[in-house]
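Make a model of the complete structure from these sequences and hints.
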Amino acid sequence: MEPEIILIGVMTAGVTLYALMGGADFGAGVWEFNTALRSGEKERALIYRAIGPVWEANHVWLIFVLVALFSGFPPAFAALSRALWVPLLLALLGIVFRGVGFAFRSYAADSVRSKTLWGAVFALASTAAPFFLGASVGAIASGKLEVSSDGGYSGDHLTGWINPVSIFCAFFGVGICAYLAAAYLTREARNEGDAALTEIWRRRAIVTGLWMGLLSAAGLAIIATSAPALWEGFKERAWPAVLTSLGAGSFSIIALWRRRFTGAALGAAVTVGAVVVGWGLAQYPALIPPEITLHGARAPREVLWTFLGVIAAGSLLVVPSLVLLLVLFKGKRPEDA
Amino acid sequence: MALTLGFHIVFACFGVGLPVLLLVAEGRYLRTRDEGWRIIARRWSKCFGVLFAVGAVSGTVLSFELGLLWPDFMGTFGSVIGLPFTMEAFAFFLEAIFVGIYIYTWDRLPPQAHWLSAIPIAIAGIASAAFVVTANAWMNCPQGFLLVGGKVVYAEPLRAMLNPASGPQVVHMIFAAGLVAGFGVASVYAVGILRGKDSPHRRRALALGLAMGAICAPLQAISGDWAARIVARTQPVKFAAMEGQFRTQARAPLRLGGLPDSEAETTRFALEIPGGLSWLAFGDPDAIVNGLDRVPRGDRPPVAVVHLAFQAMVGAGVALLALSAWVGGTLVFRKRLPRGRVFLWWVALAGPLAAMALEAGWVVTEVGRQPWIVQGILRTRNAVTDAPGVGWVFAAALAIYSALTAATIVALRHLARK
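As you go down the protein sequences, you meet chains P and R in turn.
If you're matching positions, the first sequence starts at -17 in the working numbering and goes up one per residue.
If you're matching positions, the second sequence starts at 86 in the working numbering and goes up one per residue.
Please note that a few of the clues may not be correct.
[Said to hold, decoys possible] Per label pair, the in silico range of CB-to-CB distance: (1) R:Arg128 - P:Arg185: 35 to 43 Å; (2) P:Val301 - R:Pro370: 55 to 63 Å; (3) R:Ile124 - P:His277: 53 to 61 Å.
[Claimed, not checked] Covered stretches of chain P, as calculated for chain R (at least 3 residues, CB under 8 Å): (4) 38 to 47; (5) 56 to 65; (6) 69 to 78; (7) 275 to 286; (8) 305 to 313.
[To be verified] Chain R side only, calculated, beta carbon under 10 Å to chain P, not exhaustive: (9) Val139; (10) Val142; (11) Val146; (12) Phe149; (13) Phe162; (14) Gly167; (15) Thr171; (16) Met172; (17) Ala209; (18) Lys236; (19) Val238.
It should be emphasised that the hints constitute simulated quantities derived from the structure, not laboratory data.
Every residue gets a Cβ at the ideal spot worked out from N, C-alpha and C, and that includes glycine.
This is the structure we're talking about:
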């Protein structure tokens, strides 16, 4: 098998896991942003307890994908940096202040005033980050970025990334995060044995899930009308992913309805994962359509094999550690049993 | 970029050094069952949480900035230097995972298991520093690739990683981290004691930080000497700039202090030790040392900046070394730590001095390589982005980092008061 195919497979897995894990952490902040005036201290405490131990590890998926991109497909990285510097910079601001807001609030803030301040920073930044990351993904997927195969960019430096698909993906990104967070937090609230809180999150998860279903349909319509190449890809290769997403999404909402919260969380994860994989499949073999492809942008093959070797060796260390982390903090705790 | 790195490097040092201190403090608790050590470790772990989070986000900024500011550089050489970054990503992964476990399981895991969970943090912290520094070393000593028409057609990332500058730079960086973290911690407590808040607890915490700094100081001097020899051989221009050596000459003098004048091509007001530089660099007082005159003026770095930064680093290093000798001597002959306000003042200054030496050392290696970003291969001005937004990126970075620095100080002061 060609190394670039394996590498892009690994990277897609990385993006998916970032969406599923990092996305939920952003989503928790989105909820805090949207419910700032109404939510009680208990509700906030659940959010902070849930993401505290894991958000830094979840965040590393993004770094991993970035590093893999510039190591394995250097011209693509150069082109993206040129074409998307505005949304990437804004997303970066969001990422930075999300992390800082969270860390200061949980480790260092005692007074109500500083807690409120850092909490607000956390909430606002958590919403901005997926918004602009979503916009960047949308801009790539739309096939409208005027990049050339050597990594150059000839479009508008300020506004070249704005088009219907990217704007849609920005909102869709925030929605995905909110949906995941609500689905996961329902389960966490149940695990903590708080019935009232479970009910709040259950209702939110169901409502968000239904809205996201509608939004997805609208999204496909936007893609069909304004990104014909991507639409072809969906029709040709990515339709199984769309069906999977639809099925898993329905399953997760039914599971929420019937109070099967672990099933609902898993269903939500599969729903979102299928969307990411579907995007990848739909634009394959383009990396940044239309000009930059996997084969054209790859680093020399022997280099890719070395990277893959390092990734395999690194995974041997990281995967068991990650499992340990999740078991410790997301498994059923002994005191709940 | 320079600004981000200059900021990140300090936080990264604590990321490398603090876990080692945590391990020792909690290990003392396990051995002696003295709650005091546990309290110290627990308090430090909160500070570490803040510093790690800030270090992690500023590291993220860096990985984005690589592309935002240097698209040509990354587009051309990404495949050559990607390997250490990939390894670093995994080390960072491990670190982030175990930081989560360590900070949030003080009351959940048995003490031994909790202590064990800090070991991967310490190892991964040191490893990730080592990996990243090899990428910088490669910019100083590029190798392991074949460039045809401006495109990399063949690359051996492992050979690129294991370039001659990697060894000394990695070792020098890791001891620097030990110095900054060790003396940094010690100086916080020294300031506290000087303000009259003396307690056995503070003395103990000060001693632990001081121990790490004092052990690293002489090792750092040795690694610095090694690094300088390698620079003299692989980057003669940088070496000449560091030493303010304009003329190529045998029996080159070692200059202490002095102000290089690039127009007149001399270094004034320096205390010169004849043959000293030749001897330090090549082990022979009569060896020929290449001067800046070996390259055209356009290919020279800003000599004054490099020379002064180098002098500042060495000067700070000597001050730290003297402190280390004082501590060591008193320990050996009197079996106790030095006492008195002079000692405390010295310790209080040691933290800032170590951080200053760190920044100065970084200026030496980066500014000393100018006008090249990849020594002899790619010029900085050809690598920097052509996008009109650089000013914005820079302004945003400046705003972010001013806010971060202020907030970190507030947060840490707050933690210290508790």
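Hints versus structure:
no.	hint	in the structure
1	R:Arg128 - P:Arg185: 35 to 43 Å	holds, 41 Å
2	P:Val301 - R:Pro370: 55 to 63 Å	holds, 57 Å
3	R:Ile124 - P:His277: 53 to 61 Å	holds, 59 Å
4	38 to 47	holds (count 7)
5	56 to 65	holds (count 8)
6	69 to 78	holds (count 6)
7	275 to 286	holds (count 4)
8	305 to 313	holds (count 4)
9	Val139	holds, 6 Å
10	Val142	holds, 4 Å
11	Val146	holds, 6 Å
12	Phe149	holds, 5 Å
13	Phe162	holds, 7 Å
14	Gly167	holds, 2 Å
15	Thr171	holds, 5 Å
16	Met172	holds, 6 Å
17	Ala209	holds, 9 Å
18	Lys236	holds, 8 Å
19	Val238	holds, 7 Å
Hint check: no violations occur; every hint is consistent with the structure.
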